[in-house]
Amino acid sequence: MSESSGTPSENRFGLLSILPTVGFLTVLSTAPLLYAFALSFQKYKLTSPGQHPFIFLDNYAKVVDSYHFEAAITNTLVFTVGAVVFVFLISLIFSLALNEKFRGSGWLRILILVPWAIPEMASALVWRWIYDSQFGVLNAILVYVIPVFDSYQSWLGSPVYAMPAILVPQIWKEIPLCVLLFLTGYSTIPQSLYEAAKIDGANAFARFRRITIPMLKPIIQIILVYETIMGIASFAYVYILTGGGPGDATTTLSWYTYMASFSFADFGQGAAIAVIMSIISLIFIALYFRLIPTRRFGAVGV
Amino acid sequence: MSINSARQGEVLKKTALFLVSILILVFTLSPIVWMVICSFIPDPELYQTPPLFFPTKLYIGNYQFLWGTEAVELTGGTPGVFAAARNMLTSVGNSLIVGISVTVICLILGLFSAYSFARVPMRGSGKLLFYVFFSRLLPQVAILVPIYVIIQALNLLNTLLAIILVHTAFAIPFFVWVLFVYFKSIPQSIEDAARIDGCSRFQQLRKITLPISKPGLIAASIFAFMTSYNEFLFASTLSNTIVSRTAAATLTAVAQGMGRYSVALFMACDVVTILPPLALVLIFRRQVMEGLVTAFRR
Amino acid sequence: MARIVLENLTKSFGNVKAVDNVSLEIEDKHFVTLLGPSGCGKTTTLRMIAGLEAPTSGRIYFDGKPVTDVPPHRRNVAMVFQDYALYPHMNAFENIAFSLRMRKVPDNEIREQVTNTARLLRIEHLLDRMPTELSGGEKQRVALGRALVRKPAASLLDEPLSSIDAKLRDEMRSELIKIHERFPATFVYVTHDQVEAMTLSSRIAVMQNGRIHQYDTPINLFHKPVNTFVAGFIGSPTMNLIEGRLSEDAERNTVTFEGPDFLFPFPVRVEDKYLTGKAVLGIRPEGVVVQEQEAPGSYKTELYTAEIRGEFTILKLKLRDTILTSRIESGRPFRKDMWVKFAKGYLFDASSQLISTF
Chain Z
947 MSESSGTPSE NRFGLLSILP TVGFLTVLST APLLYAFALS FQKYKLTSPG
997 QHPFIFLDNY AKVVDSYHFE AAITNTLVFT VGAVVFVFLI SLIFSLALNE
1047 KFRGSGWLRI LILVPWAIPE MASALVWRWI YDSQFGVLNA ILVYVIPVFD
1097 SYQSWLGSPV YAMPAILVPQ IWKEIPLCVL LFLTGYSTIP QSLYEAAKID
1147 GANAFARFRR ITIPMLKPII QIILVYETIM GIASFAYVYI LTGGGPGDAT
1197 TTLSWYTYMA SFSFADFGQG AAIAVIMSII SLIFIALYFR LIPTRRFGAV
1247 GV
Chain V
85 MSINSARQGE VLKKTALFLV SILILVFTLS PIVWMVICSF IPDPELYQTP
135 PLFFPTKLYI GNYQFLWGTE AVELTGGTPG VFAAARNMLT SVGNSLIVGI
185 SVTVICLILG LFSAYSFARV PMRGSGKLLF YVFFSRLLPQ VAILVPIYVI
235 IQALNLLNTL LAIILVHTAF AIPFFVWVLF VYFKSIPQSI EDAARIDGCS
285 RFQQLRKITL PISKPGLIAA SIFAFMTSYN EFLFASTLSN TIVSRTAAAT
335 LTAVAQGMGR YSVALFMACD VVTILPPLAL VLIFRRQVME GLVTAFRR
Chain F
104 MARIVLENLT KSFGNVKAVD NVSLEIEDKH FVTLLGPSGC GKTTTLRMIA
154 GLEAPTSGRI YFDGKPVTDV PPHRRNVAMV FQDYALYPHM NAFENIAFSL
204 RMRKVPDNEI REQVTNTARL LRIEHLLDRM PTELSGGEKQ RVALGRALVR
254 KPAASLLDEP LSSIDAKLRD EMRSELIKIH ERFPATFVYV THDQVEAMTL
304 SSRIAVMQNG RIHQYDTPIN LFHKPVNTFV AGFIGSPTMN LIEGRLSEDA
354 ERNTVTFEGP DFLFPFPVRV EDKYLTGKAV LGIRPEGVVV QEQEAPGSYK
404 TELYTAEIRG EFTILKLKLR DTILTSRIES GRPFRKDMWV KFAKGYLFDA
454 SSQLISTF
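Residue numbers (my numbering), protein chains in the order written: chain Z, 947 to 1248; chain V, 85 to 382; chain F, 104 to 461.
Do not rely on the hints blindly, as some may be mistaken.
What the hints assert, rightly or not - As a list, the in silico DSSO-like pairs of lysine-lysine whose alpha-carbon atoms are at most 30 angstroms apart: (1) F/Lys376 <-> V/Lys291; (2) F/Lys120 <-> V/Lys268; (3) F/Lys381 <-> F/Lys447; (4) Z/Lys1047 <-> V/Lys298; (5) F/Lys403 <-> F/Lys419; (6) V/Lys97 <-> Z/Lys1163; (7) F/Lys327 <-> F/Lys207; (8) F/Lys376 <-> F/Lys327; (9) F/Lys444 <-> F/Lys421; (10) F/Lys327 <-> F/Lys381; (11) F/Lys447 <-> F/Lys419; (12) Z/Lys1163 <-> V/Lys98; (13) V/Lys268 <-> Z/Lys1163; (14) Z/Lys1047 <-> V/Lys291; (15) F/Lys403 <-> F/Lys444; (16) V/Lys298 <-> F/Lys207; (17) V/Lys211 <-> Z/Lys1163; (18) F/Lys270 <-> F/Lys281; (19) F/Lys254 <-> F/Lys207; (20) Z/Lys1047 <-> V/Lys98; (21) F/Lys207 <-> V/Lys291.
To be verified - Derived DEER-like restraints, expressed as beta-carbon distance ranges: (22) F/Glu414 <-> V/Leu294: 48 to 56 angstroms; (23) Z/Ser1133 <-> F/Glu227: 37 to 45 angstroms; (24) Z/Phe1151 <-> V/Arg91: 17 to 25 angstroms.
Keep in mind that the hints were calculated from the coordinates and are not lab data.
Quick reminder that beta carbons are idealized off the backbone N, C-alpha and C, glycines included.
Take these sequences, add in the hints, and give me the full structure.
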């Protein structure tokens, strides 16, 4: 129906109430971003305080030249793709199961929220302990309970296993949300579609492929893009579990940013990487709003 | 013939469901379960191969250390780290203070903004909403340094205030977004009816809109709280003294200082840390789930 | 109780004029309906009377006092919404009582007034239920109760019966008539259903594209429609409207209507100034009289469809390529070939205005 048109005083009030929020965000979110942008063109090393000359693209050159950079891009790519794919698949399977009503399904639907509720830092600590190369429980299970290996592995220190090792917590953490989104998606598909398909002779697999998946397209898009953004930004697990290592095996862009800023004590370089990372994320955000035809934001009525 | 295969299909489906359920259970809960188990084991007993999967008795010494009573048998780590752990409860307290403050500020700033976005037609409000929403999507690591520099310049390093400010900036976008969607879903006619019945705009908000939006308000507030509580990077960078750390920051310090030892103690720290958000989500699960879903649906 | 006057009301949304220079006088205690198809501006007009929309230009007066700038909560109007708009977090009693509470009416009076109103609407037993526990019809009554309980200056109803099923709708219509008799107050009603409008109102404003075509009593609208739109909108089944032209035979002083498939000698004088050519002939189904056999002045038609609607049967008859709707009493026999005569009708000119009737 038609929207209530505001009286001038209401319009003024509306504007007034939005301004503080926008202002707050600008100061604490956009301004720092712009500052980072500016920083990236400066030489800002903590070792030489007080001198921040503009060195234009020198920081960027240093960054791109660095062997860390190549590793960072590759690792971020591998990490993000891995995260998105596995989160998607596993959430799909879990949600299909949870969509059925069986004894305990209600409880499971609640419990599945747990990984999302836990602070990243807290779970990172446990994961580190689980992966521990001398006493970790993962090793214990794989050697004593289901003998896969004959001796303990160093998961976090191995160039081969480190990346999968940090993928697991990320996947673990992101599954609850995606399961929830899938579950909601299922509920929006009218039962009558499935019934019509059954009458038309489709078996369960065909119904899944030809009705469920197409009808879920918008949700699938949201999941894919959101998880991509989360994957690029993921930091905690690299920080706590591997510190980027061994060597550069798990150095992602976010870790590289941190490392440059705090280990190299070169804020300028750190800012440059941060800008590069932001641009990459921006590209994905733009993709988000292209792929998904959202209704216009704003107070337009239905 | 067909009855048999239907029956077989049924059985197959039931077994598959059972297996997947077990998988879900194990997958979701095992890290937490292990965390809890390890926290109830005396530290030296953790370092054996094969490890103790199920302790025979519950040892609460690790927790007692946290509330300052016992000196516990520990196996390593620096004194700084132990001091930090001793203050775990204070740190959790700090996290709660910060989290609640952030939520309150979000409510003050964000509620009216969300309502205005939803109801008052203004030119450009769409773009502003986009701007608000969009702020959350950029990687946080990117602004770590600038924020650090700003906070340092304001002389607010190692204060809870700094963390509150930064966390609010992180939490507001999603908060406003969730409330926006909730407000938009209230039929305009109900608010019109209230105004016809004699409510001014404010009264209408107070007596009708807000009570109806309670689930949305709860969800948005919990999200704001959790965004703050769970955040560790800025919390640990900006405020790193023992007294001023948040729980997440303390855990970070612990993680850095801890080698492979004194794990039991730190598992206890972990458990204590995860209790508030876990409790919140489990108690308000319905609102949280609805909130997440409505927010992402658009 | 109030006399409502709308003066040159216009409401634009961007470039679109939803309401275009509407002026209307609603007498006190009358039941006036704004009738028209979707998008004609009737709801917008109602919302401006309520104060929920501010007019782009124009003025509104209640009992001679200007209320154009008065916010809705101070206008003392009540409104019944199409989707009922009951407060979901309050039970039926509180929903009805809400406006009284806002006026700080003491509790015991509230109880009395609400119970009386509820009794009148026969929902007394539902007062402690929540809106989700009520059926559509019950919700409707609660919404009505909320509007009536405080005896407002005017009650505004926005298509209140459109979400109810047909049978219940008939019942509610009669109830509304009774309610208006018992609470003689100014009622402004909005609907697209002309049957509702005709049965309920003392006056109807037929609207289209933001303008009022005709504001008159139901009988006048039926018998003296001012143009083809009103003629076609009022009355069920719809009036037959046939396009054609007028030609004059000066010698014999007769006017003939030339339709695409037939000629009709017009039995009444038509003023010269209307003989410009194009015209529209309007005949209500009751005016298409079916004859047993051929007679002078009748036309041969072929039966196309027949709908038996209880007491009456609606026949669609083909006169070459024109389809005419006729209404006969059920029980009368009909065959494939029938003859019809035009008993009464209307003539409209090229700009759709009424020229003449016969």
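Hints and how they fare:
1. F/Lys376 <-> V/Lys291: The given pair, whose Cα atoms are some 64 angstroms apart, is violated under the 30 angstroms limit.
2. F/Lys120 <-> V/Lys268: 25 angstroms, holds
3. F/Lys381 <-> F/Lys447: Holds, at about 20 angstroms.
4. Z/Lys1047 <-> V/Lys298: 29 angstroms, holds
5. F/Lys403 <-> F/Lys419: At roughly 13 angstroms apart (the allowed maximum being 30 angstroms), F/Lys419 and F/Lys403 satisfy the hint.
6. V/Lys97 <-> Z/Lys1163: 26 angstroms, holds
7. F/Lys327 <-> F/Lys207: 49 angstroms, violated
8. F/Lys376 <-> F/Lys327: 20 angstroms, holds
9. F/Lys444 <-> F/Lys421: 13 angstroms, holds
10. F/Lys327 <-> F/Lys381: Given pair F/Lys327, F/Lys381 holds - Cα atoms ~21 angstroms apart, limit 30 angstroms.
11. F/Lys447 <-> F/Lys419: It holds: about 18 angstroms lies between the C-alpha atoms, which stays within 30 angstroms.
12. Z/Lys1163 <-> V/Lys98: 28 angstroms, holds
13. V/Lys268 <-> Z/Lys1163: 24 angstroms, holds
14. Z/Lys1047 <-> V/Lys291: Given that 30 angstroms is the threshold and the Cα spacing comes to 38 angstroms, the pair is violated.
15. F/Lys403 <-> F/Lys444: It holds: about 9 angstroms lies between the C-alpha atoms, which stays within 30 angstroms.
16. V/Lys298 <-> F/Lys207: 26 angstroms, holds
17. V/Lys211 <-> Z/Lys1163: 26 angstroms, holds
18. F/Lys270 <-> F/Lys281: 17 angstroms, holds
19. F/Lys254 <-> F/Lys207: 15 angstroms, holds
20. Z/Lys1047 <-> V/Lys98: 11 angstroms, holds
21. F/Lys207 <-> V/Lys291: 15 angstroms, holds
22. F/Glu414 <-> V/Leu294: 48 to 56 angstroms: Holds, at about 55 angstroms.
23. Z/Ser1133 <-> F/Glu227: 37 to 45 angstroms: 38 angstroms, holds
24. Z/Phe1151 <-> V/Arg91: 17 to 25 angstroms: Between Z/Phe1151 and V/Arg91, where Cβ atoms are some 19 angstroms apart, the hint holds.
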